[in-house]
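Chains as they are written, first to last, in the numbering used here: chain A, 1 to 134; chain B, 1 to 134; chain C, 1 to 134; chain D, 1 to 134; chain E, 1 to 134; chain F, 1 to 134.
If you're looking for bench data, these hints aren't it; they were derived computationally from the structure.
Built from N, CA and C at the ideal position, the CB exists for glycine as well.
Accuracy of the hints is not assured; some may be wrong.
[What the hints assert, rightly or not] To give an idea of the chain C side of the interface with chain E (calculated C-beta under 10 Å), a few residues:
#	residue
1	Met-1
2	Ser-3
3	Val-4
4	Ser-52
5	Lys-54
6	Val-74
7	Cys-80
[To be verified] Stretches of chain D that chain B covers, calculated by requiring three or more beta carbons in the stretch to come under 8 Å of a beta carbon on chain B:
#	stretch
8	38-48
9	76-87
[What the hints assert, rightly or not] Listed below are the simulated EDC-like cross-link pairs for lysine to aspartate or glutamate, each with C-alpha atoms no more than 16 Å apart in a straight line:
#	chain 1	residue 1	chain 2	residue 2
10	B	Lys-5	A	Glu-124
11	B	Lys-5	F	Glu-8
12	C	Lys-5	D	Asp-126
13	D	Lys-5	B	Asp-98
14	A	Lys-93	A	Asp-63
Number of protein chains: 6
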Amino acid sequence: MASVKLIEYAQASTQVRAVYDDIMATRKTDSINNFWKALASHPPTLRRTWESVKDVMTPGALDPLTKELVYLAVSASNGCHYCIASHTASARKHGMSDEMLGELMAVVGMANETNRLANGYQVEIDEVFRTPAS
Amino acid sequence: MASVKLIEYAQASTQVRAVYDDIMATRKTDSINNFWKALASHPPTLRRTWESVKDVMTPGALDPLTKELVYLAVSASNGCHYCIASHTASARKHGMSDEMLGELMAVVGMANETNRLANGYQVEIDEVFRTPAS
Amino acid sequence: MASVKLIEYAQASTQVRAVYDDIMATRKTDSINNFWKALASHPPTLRRTWESVKDVMTPGALDPLTKELVYLAVSASNGCHYCIASHTASARKHGMSDEMLGELMAVVGMANETNRLANGYQVEIDEVFRTPAS
Amino acid sequence: MASVKLIEYAQASTQVRAVYDDIMATRKTDSINNFWKALASHPPTLRRTWESVKDVMTPGALDPLTKELVYLAVSASNGCHYCIASHTASARKHGMSDEMLGELMAVVGMANETNRLANGYQVEIDEVFRTPAS
Amino acid sequence: MASVKLIEYAQASTQVRAVYDDIMATRKTDSINNFWKALASHPPTLRRTWESVKDVMTPGALDPLTKELVYLAVSASNGCHYCIASHTASARKHGMSDEMLGELMAVVGMANETNRLANGYQVEIDEVFRTPAS
Amino acid sequence: MASVKLIEYAQASTQVRAVYDDIMATRKTDSINNFWKALASHPPTLRRTWESVKDVMTPGALDPLTKELVYLAVSASNGCHYCIASHTASARKHGMSDEMLGELMAVVGMANETNRLANGYQVEIDEVFRTPAS
Numbered sequence: 001m002a003s004v005k006l007i008e009y010a011q012a013s014t015q016v017r018a019v020y021d022d023i024m025a026t027r028k029t030d031s032i033n034n035f036w037k038a039l040a041s042h043p044p045t046l047r048r049t050w051e052s053v054k055d056v057m058t059p060g061a062l063d064p065l066t067k068e069l070v071y072l073a074v075s076a077s078n079g080c081h082y083c084i085a086s087h088t089a090s091a092r093k094h095g096m097s098d099e100m101l102g103e104l105m106a107v108v109g110m111a112n113e114t115n116r117l118a119n120g121y122q123v124e125i126d127e128v129f130r131t132p133a134s
Numbered sequence: 001m002a003s004v005k006l007i008e009y010a011q012a013s014t015q016v017r018a019v020y021d022d023i024m025a026t027r028k029t030d031s032i033n034n035f036w037k038a039l040a041s042h043p044p045t046l047r048r049t050w051e052s053v054k055d056v057m058t059p060g061a062l063d064p065l066t067k068e069l070v071y072l073a074v075s076a077s078n079g080c081h082y083c084i085a086s087h088t089a090s091a092r093k094h095g096m097s098d099e100m101l102g103e104l105m106a107v108v109g110m111a112n113e114t115n116r117l118a119n120g121y122q123v124e125i126d127e128v129f130r131t132p133a134s
Numbered sequence: 001m002a003s004v005k006l007i008e009y010a011q012a013s014t015q016v017r018a019v020y021d022d023i024m025a026t027r028k029t030d031s032i033n034n035f036w037k038a039l040a041s042h043p044p045t046l047r048r049t050w051e052s053v054k055d056v057m058t059p060g061a062l063d064p065l066t067k068e069l070v071y072l073a074v075s076a077s078n079g080c081h082y083c084i085a086s087h088t089a090s091a092r093k094h095g096m097s098d099e100m101l102g103e104l105m106a107v108v109g110m111a112n113e114t115n116r117l118a119n120g121y122q123v124e125i126d127e128v129f130r131t132p133a134s
Numbered sequence: 001m002a003s004v005k006l007i008e009y010a011q012a013s014t015q016v017r018a019v020y021d022d023i024m025a026t027r028k029t030d031s032i033n034n035f036w037k038a039l040a041s042h043p044p045t046l047r048r049t050w051e052s053v054k055d056v057m058t059p060g061a062l063d064p065l066t067k068e069l070v071y072l073a074v075s076a077s078n079g080c081h082y083c084i085a086s087h088t089a090s091a092r093k094h095g096m097s098d099e100m101l102g103e104l105m106a107v108v109g110m111a112n113e114t115n116r117l118a119n120g121y122q123v124e125i126d127e128v129f130r131t132p133a134s
Numbered sequence: 001m002a003s004v005k006l007i008e009y010a011q012a013s014t015q016v017r018a019v020y021d022d023i024m025a026t027r028k029t030d031s032i033n034n035f036w037k038a039l040a041s042h043p044p045t046l047r048r049t050w051e052s053v054k055d056v057m058t059p060g061a062l063d064p065l066t067k068e069l070v071y072l073a074v075s076a077s078n079g080c081h082y083c084i085a086s087h088t089a090s091a092r093k094h095g096m097s098d099e100m101l102g103e104l105m106a107v108v109g110m111a112n113e114t115n116r117l118a119n120g121y122q123v124e125i126d127e128v129f130r131t132p133a134s
Numbered sequence: 001m002a003s004v005k006l007i008e009y010a011q012a013s014t015q016v017r018a019v020y021d022d023i024m025a026t027r028k029t030d031s032i033n034n035f036w037k038a039l040a041s042h043p044p045t046l047r048r049t050w051e052s053v054k055d056v057m058t059p060g061a062l063d064p065l066t067k068e069l070v071y072l073a074v075s076a077s078n079g080c081h082y083c084i085a086s087h088t089a090s091a092r093k094h095g096m097s098d099e100m101l102g103e104l105m106a107v108v109g110m111a112n113e114t115n116r117l118a119n120g121y122q123v124e125i126d127e128v129f130r131t132p133a134s
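If we strip away everything but chain A, and leave its shape as in the complex, we get (with noise of 0.2 Å):
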C-alpha cells in the first residue's frame, strides 16, 4: 500500500496529465506505472523526476541497454525491489538476454564484494591512481 493515494489519468489534473502524456509517447506504452502515479501526489516531483529521466537516459555517449544495466546494476546493489522489478523488464526491452544478466550480476556481486576488502582492509590508493586527470 503506496503511502499516498495513487493518482488515475481520470483524476489527474491537466498538470499531471502533461507529464503522463510524455511518459506515455516516449515510451510507446499506454499504460502509466505505479511509480509515477505515487509521484503525483506532489507534482513538481513528478515532473522534475520524469524530466531528469527522460534526459539523462536519452541515447548518449552510452547506449540505452548499457544505460538500463547500469540502472539495474544500482538498483540491484542498493536492494530497491520496485526498481529491480521495472528495470529488469526495461532491460530485456532493450534486448538483455539470461547470459547478459547473468554477467551484470556476476559483476555487480563481485564488486559489492571487492568494495568491502578495500575498505575492511583499509587499503590506501595507490599513487598511480591519483595522477592528475588530463
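Given chain A's structure and the hints, the job is docking chains B, C, D, E and F onto it.
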C-alpha cells in the same frame, strides 16, 4: 595505513607469487596494486578473489568496457574510494571518455534518487513487472 | 514471519510488561507494534532500544515533527520497509501533509543523487569546509 | 584528486558560466565549490543537477533549515564525506546549533539502529500501518 | 517472481546437476534453495558462487557458527530479506539461540548507529589507530 | 576536521568527565578517543551512546571477541573508516589474528556479494525459511 602488512613480491611466498605473476601477465603490467598486496596477508582470499575477478571480467555477453562501467557505477554508488579510483583508471584504459563518465554518473545518480522515491513512497510493484520469466 | 516468536502482553514477563506499559503511556495508545513484540524476545534489547528511542525523540532543540521527518528520511534512504511504514504513520500523526512528504522525498532523493556524484567524481573537500569548528 | 579536471570560471564555456553565475547569485557568494567544478566536465549534468537542487531546496511546505537538516542526515547516513562537510556548513549558515546537530545525529543514529533491528528480526508490517492512504 | 526461470534438478544440465549434487552432499540435505535455482540460469555464476561460499564457510580460524553469525549480521545490516531468512535458518542449525540472536542484533544495531555518528561528526582517526600493522 | 570542537578532559563539564572516567575505567586505558570527544559536544548523546555500547559489548551469550568481529564486519560492510580503524584495533586486542581477519573479511565480502545476487535476481524466500519461529 592498511590493517595488515602489504606483501611485496620479494617477500611473497611461492603461492602468492604465482597469483601476482598471473595478475601481471593477465593485465600486461609489471606492478601489483595495494589491494592485492593487502589480500596477500590471507593467501586463500587473494587467490579466490583474483580467480573470481579474472573470471567475471573476461569478455563474454558483455564487453570489457561495459563491465568496467558497471564496476565503477556500483563502487561510486557504494562510496568505496579505493575502488572508485582504481576502476576509474581501468575504465579509462578501456576507452571511457569524460562524456561517458558524465553519462554514467548521471545514471548512477538518477538510479540512487529513484530507488529512494520508490521505497520512500512504498510503491507496490506493478502487475506487469511480475509476469513469469520465460 | 518474524525470526522470533512475538511476545504478546498476556504472555510477557513483568520486565517486558513494564516496557510495554511505558510505550503505551508515552504514546497514548493501547496497542504494541510488532517491532517491540519482536525485540521482547531479548528483554535487554527491548528495554535499551525503547529507552533510547524515547530519549532521542523527546522534543528538544528540534521539534517532534522535524525528528519524525528525519527518521523517515533515513529509513527511506536505507530502504527499511517496516520503518518507512511505521514512521510515515508517525509523521502523519505529527502533522505531515502530502506536500511535506513530497518535499521530504525530493530532498532525500536529491541527497542520494549528489552523494554519488560527489563520491563518483572523487571531489575533494573545499578548503572553506575544513575551517575549524568554533 | 578528482576524476576530471575541475573547470574554473575563467576557462568555462558560456553554458557553464551561466550556471556558475546562477549558483553565485542564488547563494549570494562569489565562489564556486569543487562539486560544481567537477560536474562542469559534463555540462548537461551540471545544469540538470543545479536546476534540481535549486528547485528542491527552495522554501515550500518545509523551511530551508529543515531541508538542510534532512540533506545532512541522509549524507551522514550514507557516509558521503564531501556532502557531510558541505551540508554541515550550509546547515550552520541556516542556523543549526551544536545542540541541533547533536539531536539530529542522535535521530540519524537511532534510525540506522532500528532499521537493522526491524530487518534483522524480519518484523512484519503491522496491519495498522497498511491502511489505505486517504 | 524471480527474474529468471528457476532451474529444477530434473531439467538441469549435467554441469548444473554436478553443482546441485555437491550442494546437497556438502549440506547433507536433499533439496536445493531458490537462490541456487536462480543462479543456475547462468551456470558459471552458479558454479563460482557455490565454490566460493563452500570455501569461505569451511571451518578455519573462525568456527562455523561465528561465520554464520557474521553472514547474518551483514545481511541484516544490508537489509537483504532473502539472505536474512536463509542465514537465520543456517545460524539456528549451527546452534544460535534467541539470546545469541538478541545480542547479535544489538551489536549490529549499535555498529550501524556509531558508524553514522563517526561519519556525521567527521571524526578524524586517532593517531593510535594508525600505527603500522606489524 | 570534526564538525564540532573536541572536548578535552581538562575543559569537560562534570557530567562529561563522569562518562570519560567510566570509559577509561571500563577499558583500562588513560586516554579518550576522538569519537567520544566529538560526542561530548552533545552530552546526552555521549552518555546514552556510551551506556549503550558498554551494555551491548558486555560478555553474554556471545563472547567479547565475537562481538568485536561482528562490529568490525558491519563497519567494513558500511565503509565507516573511523569505525573500521578503531574496531580493527579493538578486535586485535581481543585476540584477532591476520588469519581470523582474513576469514572475517572473506565472509563479509561473500555476504555482500550474495546479498546482491539474491536481490538482483528477485529470488523469493523458500517456504522452508518461513516456518514459524518456535
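Evaluated hints:
no., hint, in the structure
1, Met-1, "holds, 8 Å"
2, Ser-3, "holds, 5 Å"
3, Val-4, "holds, 6 Å"
4, Ser-52, "holds, 9 Å"
5, Lys-54, "violated, 16 Å"
6, Val-74, "holds, 8 Å"
7, Cys-80, "holds, 6 Å"
8, 38-48, "holds (count 5)"
9, 76-87, "holds (count 3)"
10, B/Lys-5 / A/Glu-124, "holds, 12 Å"
11, B/Lys-5 / F/Glu-8, "violated, 33 Å"
12, C/Lys-5 / D/Asp-126, "holds, 15 Å"
13, D/Lys-5 / B/Asp-98, "holds, 10 Å"
14, A/Lys-93 / A/Asp-63, "holds, 14 Å"
When the structure is compared with the earlier hints, violations turn up for hints 5 and 11 and for no others.
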